[in-house]
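Could you build all of it, start to finish, from the sequences and the hints given here?
Spelled out, the chains give:
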Amino acid sequence: MDDRSFSAAQDFLLSVKTFWTVDVFTKVKAEYQANIGNLENSTSETREIEDLLSDSATFQYFAWLERHLQRFKYSGRYGINTYYSEKRNTFSNILSNEERSEDYLELTQGFELPDYYRSVDIHQHPGGLWGDEIAGLVYERGARTTTPLMGSAHKDLHHRFTDLALKDIGTPKDILDMGCGFGKSTKPFYDILNESKIEAIDLSEPCLKLAAHDAAETQRKNVKFRQINALDTKYDNESFDLVTSTMLIHELPAKEIGKMFEEAERVLRPGGRMVHLDFYSLPDEFTKFIHYGHSERNNEPFMKGFAELDLHELLTEKGFINISIVPFSEAEGVDPNNHSYWRFPWTLIAADKEVF
Amino acid sequence: METKNIWENKEQTFFKDEALDRAFGVVMALATEVYVLRDRQKALERLLVEKNLIEFSTLDSEPSEKERIESLQDRKEFTEGLLISLLGKQQSRGKTL
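Those protein sequences? They're chains A and B, same order as listed. With my numbering as the guide, the letters of the first sequence map in order to residues 1 to 356. With my numbering as the guide, the letters of the second sequence map in order to residues 1001 to 1097.
There could be a bad hint or two in this list.
Simulated crosslink set (DSSO-like; lysine-lysine; CA at most 30 Å straight-line) [stated by the list, open to error]:
hint, chain 1, residue 1, chain 2, residue 2
1, B, 1016, A, 87
2, B, 1010, B, 1076
3, B, 1010, A, 288
4, B, 1089, A, 27
5, A, 224, A, 173
6, A, 318, A, 259
7, A, 288, A, 318
8, A, 304, A, 318
9, A, 255, A, 234
10, B, 1066, A, 87
11, A, 288, A, 255
12, A, 87, B, 1089
13, B, 1089, A, 288
14, B, 1076, A, 304
15, A, 304, A, 27
16, A, 318, A, 224
17, A, 167, A, 234
18, A, 221, A, 255
19, A, 27, B, 1016
20, B, 1095, A, 255
21, B, 1016, B, 1095
22, B, 1076, A, 259
23, A, 304, B, 1016
24, B, 1042, A, 87
25, A, 29, B, 1095
26, A, 27, B, 1095
27, A, 304, B, 1095
28, B, 1010, A, 255
29, A, 304, A, 255
30, A, 288, B, 1016
31, A, 288, B, 1095
32, B, 1010, A, 27
33, A, 29, B, 1010
34, B, 1042, B, 1010
35, B, 1089, A, 304
36, B, 1016, A, 29
37, B, 1010, B, 1066
38, A, 87, A, 224
Derived from the structure by calculation, the hints contain no laboratory data.
Given below as structure tokens:
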């Protein structure tokens, strides 16, 4: 496949996704609001909303497009996975320049991936994020267009998160970024915190290789990417001042989320802060219905389990104080409490470890 | 002999008639292909005009047999990309509704 055709096809799919985000979603919501009087009460359960919309051709197209635009984006003739597979030799040579990135990367021989991680091709990434050497590149390319209305401002989301995570805590000496993926969430930290030591961990070897490659290009010396499970990091107790993650929690089964918080609490120093960006705040049943549908349609099997947790109670149980769970504005001008178009329910989750 | 579950990777469906789910996949694939061609054609026409390389009428002439044979593989890939949705099979493993 030539580069121009790939780019044109991906641009077209993004254009359709934007139409879906704005026009199709708006129509579905309007149909729901027009028919809500047919429900017994306005706080109907998601199941009742599904029944209400099941005969709607608009909703059927909404659901179809949500599923299949992602499929076309990754798979098939012009899919990202296909494109990078065809150029495998070129890209794998770049990433295998280990001499350059070895200072930034530590992989674990015989690393065992959790069953839940391998059981589904998350967000319709063929083969998952761990199996193929090019999976990190494929994921990075796909992530550029996760939120169509943001366009190139997508990067800004991580800077906004970084600013909020660092607010009022000065400069942390040691930072742990859990589930760092290909390093998109880690970069704003190591770019601006020259004096901090940043550890970034993930399960995926292909993603970690890409993260280390990108960090090596910056020649910064304050970051290290390691293949470590966030549920059992092996770091010493009280090693970090700040623990972060972005879009990690919803990819964990509900029963594992508590373990991740326990681990964060263990490695935090007294008075340290934990900050996560994820999808949690679902203020009404329609938003919940749309989000749970996204979970099923986009191969995100654990989204619903996370959203249904009593997070405040869980964090309290794990010993955290000053717990804050608030909607997060992913871009300038977006009001998370009053947004007309489809969006992820971005939520900032922060808590502190008590000083005894 | 063990019978393979042919629906193991069955794609999710959203319309009352599953045929429409598959057919709309064909429509989307075709629409993508049309846009790719439009993009390339516009680029090509722009270059032709800028460089005065050929007359536009040359583009309208029938292709040679050699040109047709050379484009055989491209047609094969185009057809597979267009019709793969008819198979209704997941291309990344996930829940089947």
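How the hints compare with the structure:
no. : hint              : verdict
1   : 1016(B) / 87(A)   : violated, 40 Å
2   : 1010(B) / 1076(B) : holds, 25 Å
3   : 1010(B) / 288(A)  : holds, 26 Å
4   : 1089(B) / 27(A)   : holds, 29 Å
5   : 224(A) / 173(A)   : holds, 14 Å
6   : 318(A) / 259(A)   : holds, 9 Å
7   : 288(A) / 318(A)   : holds, 26 Å
8   : 304(A) / 318(A)   : holds, 21 Å
9   : 255(A) / 234(A)   : holds, 20 Å
10  : 1066(B) / 87(A)   : holds, 28 Å
11  : 288(A) / 255(A)   : holds, 21 Å
12  : 87(A) / 1089(B)   : holds, 25 Å
13  : 1089(B) / 288(A)  : holds, 28 Å
14  : 1076(B) / 304(A)  : violated, 41 Å
15  : 304(A) / 27(A)    : holds, 24 Å
16  : 318(A) / 224(A)   : holds, 28 Å
17  : 167(A) / 234(A)   : holds, 28 Å
18  : 221(A) / 255(A)   : violated, 36 Å
19  : 27(A) / 1016(B)   : holds, 19 Å
20  : 1095(B) / 255(A)  : holds, 20 Å
21  : 1016(B) / 1095(B) : holds, 19 Å
22  : 1076(B) / 259(A)  : violated, 51 Å
23  : 304(A) / 1016(B)  : holds, 25 Å
24  : 1042(B) / 87(A)   : holds, 26 Å
25  : 29(A) / 1095(B)   : holds, 25 Å
26  : 27(A) / 1095(B)   : holds, 27 Å
27  : 304(A) / 1095(B)  : holds, 14 Å
28  : 1010(B) / 255(A)  : holds, 28 Å
29  : 304(A) / 255(A)   : holds, 12 Å
30  : 288(A) / 1016(B)  : holds, 23 Å
31  : 288(A) / 1095(B)  : holds, 19 Å
32  : 1010(B) / 27(A)   : holds, 29 Å
33  : 29(A) / 1010(B)   : holds, 29 Å
34  : 1042(B) / 1010(B) : violated, 39 Å
35  : 1089(B) / 304(A)  : holds, 25 Å
36  : 1016(B) / 29(A)   : holds, 20 Å
37  : 1010(B) / 1066(B) : violated, 41 Å
38  : 87(A) / 224(A)    : holds, 28 Å
In terms of the numbered hints stated before, the structure departs from hints 1, 14, 18, 22, 34, 37, listed from lowest to highest.
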